[in-house]
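**Student:** The chain contents come next:
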Amino acid sequence: MRGRVVFLLEEQSMHNALQGLLPRIFPGWQEYTHWVAVPHQGKSDLERSIPRKLKSWRAPGDRFVILRDNDGGDCMALKARLRELARHKPSEYVLIRIVMHHLETWFLGDFDALASGYPEHDLTTLRQRAKFREPERLTNASEEIEKLIPGYRKTAGATRIAPHLNLARNAAPSFGVFVDGLRTLTATMR
Amino acid sequence: MRIETIRVKNFKSLQDIEIGSLPPLCVFVGRNGTGKTTLFRIFAFLKNCLQYNVRAALNREGGRNGYREVVTRGHEGEEIEIEIQFRLDIAGTNRLVTYLIGIGPTDAGSPIVKREILRYKRGRYGAPFHFLDFTEGEGYAISNEEDFSKRDEELEKEFQRLDEPHTLAIKGLGQFARFKAANAFRQLIENWHISDFHVSDARGVKDEDDTRHLTATGDNLPSMARFLYEQHRPAFDQVREKMRRHIPGVDDIEVKVTEDGRLLMRYADGTFDDPFIDKNVSDGTIKMFSYLVLLHDPSPHPILCVEEPENQLYPQLMISLAEEFAAYAQRGGQVFVSTHSPDFLNAIELNEIFWLEKHAGITQVHRAGEQGLLQRLVQEGDRPGYLWTEGFLDSRMLQETEIDEG
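Going down the list, the sequences are from chains F and C. Per my numbering, the first sequence starts with residue 795, numbered consecutively. Per my numbering, the second sequence starts with residue 1017, numbered consecutively.
Hints were generated in silico from the structure; no laboratory data involved. Virtual Cβ for every residue (Gly too), placed ideally from N, Cα, C. Please note that a few of the clues may not be correct.
These stretches of chain C come out as covered by chain F in the derived footprint (C-beta under 8 angstroms, 3 or more residues) [said to hold, decoys possible]: (1) 1036-1045; (2) 1402-1408.
DEER-style ranges, computed between Cβ atoms [said to hold, decoys possible]: (3) S1298/C x N960/F: 51 to 59 angstroms; (4) G836/F x R1047/C: 18 to 26 angstroms; (5) G836/F x G1125/C: 56 to 64 angstroms; (6) H915/F x R1076/C: 44 to 52 angstroms; (7) S1298/C x H915/F: 50 to 58 angstroms; (8) A962/F x R1084/C: 28 to 36 angstroms; (9) Q824/F x G1265/C: 46 to 54 angstroms; (10) H1375/C x H915/F: 37 to 45 angstroms; (11) F1145/C x G836/F: 34 to 42 angstroms; (12) F820/F x H1375/C: 21 to 29 angstroms.
Negatives, chain F to chain C, calculated, CB over 12 angstroms [to be verified]: (13) R818; (14) F820; (15) A924; (16) E928.
Just chain F, same shape as in the assembly (with noise of 0.2 angstroms):
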């Protein structure tokens, strides 16, 4: 594969979860050699950045995934605000991902992948709960996750959560059309 996946995300724990993650949707996939992150302090710190980032890069065939939290509002428009920033490079070369509505509601929708993570929490009770079958419907992932395990942190789960995804089934959509958006982008790398 010529070129490399450049992912500028909101923050670390992204990045934590894309190093478990991408070797499993990539076999073989290393950091530095297929894909660099470049984690931000925050919303508004990954736009103002994105400009920049597209504006200065200048290796042939590299790709950027752009990922972005949602922060409730209009998604479609949110998409949209971010194609404008990323206009520096061909849309076709750029993949935006709104994450519905944060990394950890992609956890909550893979209950096993949670349990494997903290095998020392008991979690086996607790997964029939109605409210994690639809899991984007939460906005408050993160808290949901710490009333299930006391003194979760972000970066450190998703260190322990991100290897064990599945990447066929997960109860947030949103996931899965990163999966699958990210399979086209590199589909046409060569």
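Fit chain C to the known structure of chain F by using the hints.
**Tutor:** Just chain C, lined up with the frame of chain F:
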């Protein structure tokens, strides 16, 4: 003095590094354990070699097994080499001079100075001219170097044998005025300031009347402050003004002379406190005060080395502190700073930043200013501190991005 190039071989993780075109202000970043402290130890090591001798200096770095602990693992059969290239005025002419030492064990195993050279190039072409050239304790120095027009055979070489092969020739010969280059270089190294500041040492009162510079540990801070107040009032007034601006609650610093001439710091509520005794004055306040005193020294050190000046200070202070270091460098002293602070880096120019990486136990030094992607990002509005936080000061990050250059 201005160091232009540093080359080091086989000194701990610095197996083979060369950093050239060093600016007046050099800022080093890198993750923990990449070799920043080791790089800074080079300055202390050279100074210790001069002040004591090579064995004592090695023992300071590596404990009782000195040489074996200091030489890079796997390179025990080679010499530790340190070479610095610098600009120096000799007999009224500014010259690019090279000083190099090679340190290795004798057959019996005790470390000595294998080779020591102080040289410069007389012209663009031709062999370098050696002021001083010693091999294992024996060699010569030039004693009529003021006459640069003389041909090599007319120069007076004075052959010397050092008492001990583990002492530096510039230590022995540098004492004599007739060896001007050795003498000048020796004095420069002696005046390097390698900060090893301890707030606890800076507290308390010591009576020293001959203070001219802040010591490495800062233990003469009160007397240095008094020296500025009494002998260099404009510099003191600047320190006072900056303290008032930067430290909340410090209304003013006044020398309210007590019986023993101590300096008092006045707070907003108008009461007087003795800053060097009172436990109510925070460590950060004392630290900022000592940096300002150090950086307003009326006669700047030729080299100033400070590791992680950001510790104990609040982030918004970093821009001002970085600018103080830059101003000091402009006034003639060359400054080497290491930092982990993105805020500090944000106030630094890209070409003043170097980052360290360690691969398989060996340190690499990279220059931020020569990376096209970093230049473009800064042009687009990014600051070096953001780029450091975002992981761009990393050769693995940058490896594939330069294909399309030009």
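**Student:** Against which earlier hints does the structure fall short, listed by number upward?
**Tutor:** Numbers 1, 7, 8 and 11, in rising order.
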